[in-house]
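Trainee: Residue numbers (full-length UniProt numbering), protein chains in the order written: chain A, 1 to 482; chain B, 1 to 482.
FYI, nobody ran anything at the bench for these hints, they're computed from the structure.
This structure is a prediction, so every number in the text was calculated from the model and none was measured.
Some hints could be false.
Remember, identical chains collapse to one label, so a pair may be satisfied in a single copy or spanning two.
Below, computed lysine-lysine pairings styled on DSBU-like, alpha-carbon distance capped at 30 Å [said to hold, decoys possible]:
no.: 1; residue 1: Lys70; residue 2: Lys359
no.: 2; residue 1: Lys342; residue 2: Lys70
no.: 3; residue 1: Lys464; residue 2: Lys70
no.: 4; residue 1: Lys359; residue 2: Lys412
Protein chains: 2
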Amino acid sequence: MSPDARPTTKLQPPSAETLTTLETIVGEQYALRDPKDMAPYLTEWRDRYRGKAAIVVKPGSTDEVAAVLKCANDARAAVVPQGGNTGLWAPRSPMESGSQIVLSLERLAHIRDVDLASNTMTVEAGLTLADAQQRAETVGRLFPLSLSSEGSCQIGGVLSTNAGGLAVLAYGNARDLALGLEVVLADGRVWHGLKGLRKDNTGYDLKNLFIGAEGTLGVITAAVLRLFPRPAERVTCMAGLGDLESATELLARMRDAAGPMLTAFEILPRIGLDFAIKHGTGLHDPLRAPHAWYVLLEVSSPLAGATVHDLVQTQLAGAIESGVIEDAVLTTSDRQTGELWKLREVMSEVQKYEGGSIKHDVSVPIAHVPEFIVRANDLVELMIPGARPVPFGHLGDGNIHYNVSQPVGMDKDVYLANWEALNAAVHEIVLDLGGSISAEHGIGRMKRDLLPHAKGAVAIDLMKSIKASFDPNGILNPGKLL
Amino acid sequence: MSPDARPTTKLQPPSAETLTTLETIVGEQYALRDPKDMAPYLTEWRDRYRGKAAIVVKPGSTDEVAAVLKCANDARAAVVPQGGNTGLWAPRSPMESGSQIVLSLERLAHIRDVDLASNTMTVEAGLTLADAQQRAETVGRLFPLSLSSEGSCQIGGVLSTNAGGLAVLAYGNARDLALGLEVVLADGRVWHGLKGLRKDNTGYDLKNLFIGAEGTLGVITAAVLRLFPRPAERVTCMAGLGDLESATELLARMRDAAGPMLTAFEILPRIGLDFAIKHGTGLHDPLRAPHAWYVLLEVSSPLAGATVHDLVQTQLAGAIESGVIEDAVLTTSDRQTGELWKLREVMSEVQKYEGGSIKHDVSVPIAHVPEFIVRANDLVELMIPGARPVPFGHLGDGNIHYNVSQPVGMDKDVYLANWEALNAAVHEIVLDLGGSISAEHGIGRMKRDLLPHAKGAVAIDLMKSIKASFDPNGILNPGKLL
Numbered sequence: 001m002s003p004d005a006r007p008t009t010k011l012q013p014p015s016a017e018t019l020t021t022l023e024t025i026v027g028e029q030y031a032l033r034d035p036k037d038m039a040p041y042l043t044e045w046r047d048r049y050r051g052k053a054a055i056v057v058k059p060g061s062t063d064e065v066a067a068v069l070k071c072a073n074d075a076r077a078a079v080v081p082q083g084g085n086t087g088l089w090a091p092r093s094p095m096e097s098g099s100q101i102v103l104s105l106e107r108l109a110h111i112r113d114v115d116l117a118s119n120t121m122t123v124e125a126g127l128t129l130a131d132a133q134q135r136a137e138t139v140g141r142l143f144p145l146s147l148s149s150e151g152s153c154q155i156g157g158v159l160s161t162n163a164g165g166l167a168v169l170a171y172g173n174a175r176d177l178a179l180g181l182e183v184v185l186a187d188g189r190v191w192h193g194l195k196g197l198r199k200d201n202t203g204y205d206l207k208n209l210f211i212g213a214e215g216t217l218g219v220i221t222a223a224v225l226r227l228f229p230r231p232a233e234r235v236t237c238m239a240g241l242g243d244l245e246s247a248t249e250l251l252a253r254m255r256d257a258a259g260p261m262l263t264a265f266e267i268l269p270r271i272g273l274d275f276a277i278k279h280g281t282g283l284h285d286p287l288r289a290p291h292a293w294y295v296l297l298e299v300s301s302p303l304a305g306a307t308v309h310d311l312v313q314t315q316l317a318g319a320i321e322s323g324v325i326e327d328a329v330l331t332t333s334d335r336q337t338g339e340l341w342k343l344r345e346v347m348s349e350v351q352k353y354e355g356g357s358i359k360h361d362v363s364v365p366i367a368h369v370p371e372f373i374v375r376a377n378d379l380v381e382l383m384i385p386g387a388r389p390v391p392f393g394h395l396g397d398g399n400i401h402y403n404v405s406q407p408v409g410m411d412k413d414v415y416l417a418n419w420e421a422l423n424a425a426v427h428e429i430v431l432d433l434g435g436s437i438s439a440e441h442g443i444g445r446m447k448r449d450l451l452p453h454a455k456g457a458v459a460i461d462l463m464k465s466i467k468a469s470f471d472p473n474g475i476l477n478p479g480k481l482l
Numbered sequence: 001m002s003p004d005a006r007p008t009t010k011l012q013p014p015s016a017e018t019l020t021t022l023e024t025i026v027g028e029q030y031a032l033r034d035p036k037d038m039a040p041y042l043t044e045w046r047d048r049y050r051g052k053a054a055i056v057v058k059p060g061s062t063d064e065v066a067a068v069l070k071c072a073n074d075a076r077a078a079v080v081p082q083g084g085n086t087g088l089w090a091p092r093s094p095m096e097s098g099s100q101i102v103l104s105l106e107r108l109a110h111i112r113d114v115d116l117a118s119n120t121m122t123v124e125a126g127l128t129l130a131d132a133q134q135r136a137e138t139v140g141r142l143f144p145l146s147l148s149s150e151g152s153c154q155i156g157g158v159l160s161t162n163a164g165g166l167a168v169l170a171y172g173n174a175r176d177l178a179l180g181l182e183v184v185l186a187d188g189r190v191w192h193g194l195k196g197l198r199k200d201n202t203g204y205d206l207k208n209l210f211i212g213a214e215g216t217l218g219v220i221t222a223a224v225l226r227l228f229p230r231p232a233e234r235v236t237c238m239a240g241l242g243d244l245e246s247a248t249e250l251l252a253r254m255r256d257a258a259g260p261m262l263t264a265f266e267i268l269p270r271i272g273l274d275f276a277i278k279h280g281t282g283l284h285d286p287l288r289a290p291h292a293w294y295v296l297l298e299v300s301s302p303l304a305g306a307t308v309h310d311l312v313q314t315q316l317a318g319a320i321e322s323g324v325i326e327d328a329v330l331t332t333s334d335r336q337t338g339e340l341w342k343l344r345e346v347m348s349e350v351q352k353y354e355g356g357s358i359k360h361d362v363s364v365p366i367a368h369v370p371e372f373i374v375r376a377n378d379l380v381e382l383m384i385p386g387a388r389p390v391p392f393g394h395l396g397d398g399n400i401h402y403n404v405s406q407p408v409g410m411d412k413d414v415y416l417a418n419w420e421a422l423n424a425a426v427h428e429i430v431l432d433l434g435g436s437i438s439a440e441h442g443i444g445r446m447k448r449d450l451l452p453h454a455k456g457a458v459a460i461d462l463m464k465s466i467k468a469s470f471d472p473n474g475i476l477n478p479g480k481l482l
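Take the sequences, apply the hints, and build the full model.
Mentor: As structure tokens, then:
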């Protein structure tokens, strides 16, 4: 290892001269210094962090991003790259000191190219995910990444956090959906890695290093995204099950039967459905009787017609017969499909109405999901009797949002004071089962202190040496991730 | 950038004491020092490079690999990690000096774990690809990576070179097929990244940095591989086409129609078929009349029965009707399928019988493949009149093996003297079209000098800084890649 992963140079608040230079680079109207103008860029969406900044700059081109970073690097001033600012662990919101430069990518929102033969689309970092999906649809293709924040989150942020979402099972994470990147480095140089190639074995994989680095190694300004054919047919089903082992058994059966056509496999606990029906609008119990667990699955096929419907129906009938599932409903209209998906989509939001919720975004090997949930539930009951686990999420990826609602009647603040202690104990189970303490939401600021224990000294050392080489002055997103 | 990407420490030939220490670590019978015993480890398979070494060591465990590397690093002695030594650009064969330590992974060939619920398999680096495929088949799964060298190439080498092969279109490169790695670093520390998770957003992506690094950043000792359901049905077809634009049109149609079930889309030129039929054993013209181009495609489906066959037949009929293809044959037996694939598989080998062949392994965006081949063919005719281009390969990935057979009757050595000049000129076209000069074979030693021009100064600088941090003494595979 490099013996000289040097201590970060002392960062400086930007001088008046630096601020003027930044204004000149982006133009006065795109350099915000009035606290009122800056406010929307300084609040994390859940209001958990509220930052200050010296200036918010909104460059209009890659060259301007490069000039901003060169200026900041020369001045040893901290830069917080910002997309839609929708990250869950505060990856992109500025710290409290008020000495940081917020670099908003929102003006870099062009679609530079659409290549239908290659099934790729070259877009800038500030484009919203919804706009990217929309453009893909307009040209008869699918950009499969799908998140609840898709209306406001931006491609640069989605890549910097390697976002996951609802279609990972079939299409992969954000990482898998980008073929090439354009990145401005800390010193203002530009890496032109904007290639639309499925195969390129020429040296170290820089693309994947920047993806998921949460803006600490460079600022992504553009990306080549992969497009896919739009499925001709989607079959959606909600199944009720008696236990979680049955859910992994159903997953195995569906994976074998549908192969790459299995595009979603989500689990919901009964309590989650209760919350959704109670607090959501127009949501109903999807099956006649209650069940301990629910699986929401989707099979998508290029084949229109009855084939895929038959396949799913045959599998469900077999699963009922052998006792794997207790009941199931196959949707017959878009409206009904929308209702089933809404039950899943409101799962996080409806917990608000039940008081405080302590959250975990974890993954374990799929085989260990049932054991994880049993052990975590036992632990919760031991630590906070009466607390109500609402584990839900992407069983097909082994990724569980292990959220725990407070006991009925407990004071919310008293309950939330258990956050760190419960996290620590749940994460021990996750690590014991070979899992990850952040499956899709990243590290940001909130989970930063947890990283060394979860990754081990060797990984942290490698990461620090990469950070020191790529950003020797430590100006990029300080205080986040590492 | 780190201003102190320091010059590599001067490497030393291992002293007698170092050699004795290495013998002690792995055991005398696994430390070869007799030139006769070492010979099989020192010859690159195409005989293009023949190396010397100070010692060949064959550790039997990750701990022994770690001890070997620590010893070598302390002694500043160069180490060449070696798998099956089947790489095409000499990534793993030792240099001529005779002062290097060859580290063979062949004894680390165990399957540590098979997890059917998670669809993963944990294997050691020395396992051959064929053995990995075989084990997957035994448990009713598919490990889709498929290469002509699969009988001898090893998982560690396959990952270090990010091998591609025949199933990339549907399943991805080696990179996409590994979820986690165990890696011994240059100083002997071990990175335990052997997680079998589909989702893990905890810091920088170290896994993808080691994959494709050709053994220059660390030695992969084990990996968690992804397994897939075995398709119930495969439909194979050979189509004859008048031009390459029709091939990209057919690709677009098949991709839309079959989506993720399209598992192979290869192109062959008529001259390649002529070579195969002339020099191969028992190979016949697959269609009644000759065609300028051939597409070999495969659609695999979890659905058994006639559905997929019908889908392909419908598409082919439509393509014939609209003039996209001239003729086609759908196989009706395993024997016939085998014959079609054999035409593709012998494509590289049969060129030997036609004299010298100057090779390129390039990729361009799929849309640009026809233009690339037209421009490259014109260039060849200009530079070496009468030379015979045999461009073939993975059109579905934009990856063309642009091989050029010598003019009939020319002296082979005279022809091969054009290797570098032709490479340089062809690579200019590739770069002009946004392509890669090494799509799946990597850089190794032969393409090392081409890298700076192809990647640009910024990328090279980033790579060098990573190399300097991970292997500050430069002991790992010196003279390769960077």
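Trainee: Are the hints correct? Go through all of them and say.
Mentor: Verification of the supplied hints:
For a Cα distance limit of 30 Å, the shortest separation of Lys70 from Lys359 qualifies neither inside one copy, at 38 Å, nor across copies, at 42 Å. For the identical chains of this complex, Lys342 and Lys70 are neighbours neither inside a copy (46 Å) nor across copies (56 Å), given an alpha-carbon limit of 30 Å. Taking identical chains as interchangeable, the C-alpha atoms of Lys464 and Lys70 lie at most 30 Å apart whether they share a chain (22 Å) or sit on different chains (21 Å). With identical chains, the CA atoms of Lys359 and Lys412 are at most 30 Å apart within one copy only, with a shortest distance of 14 Å there and 69 Å across copies.
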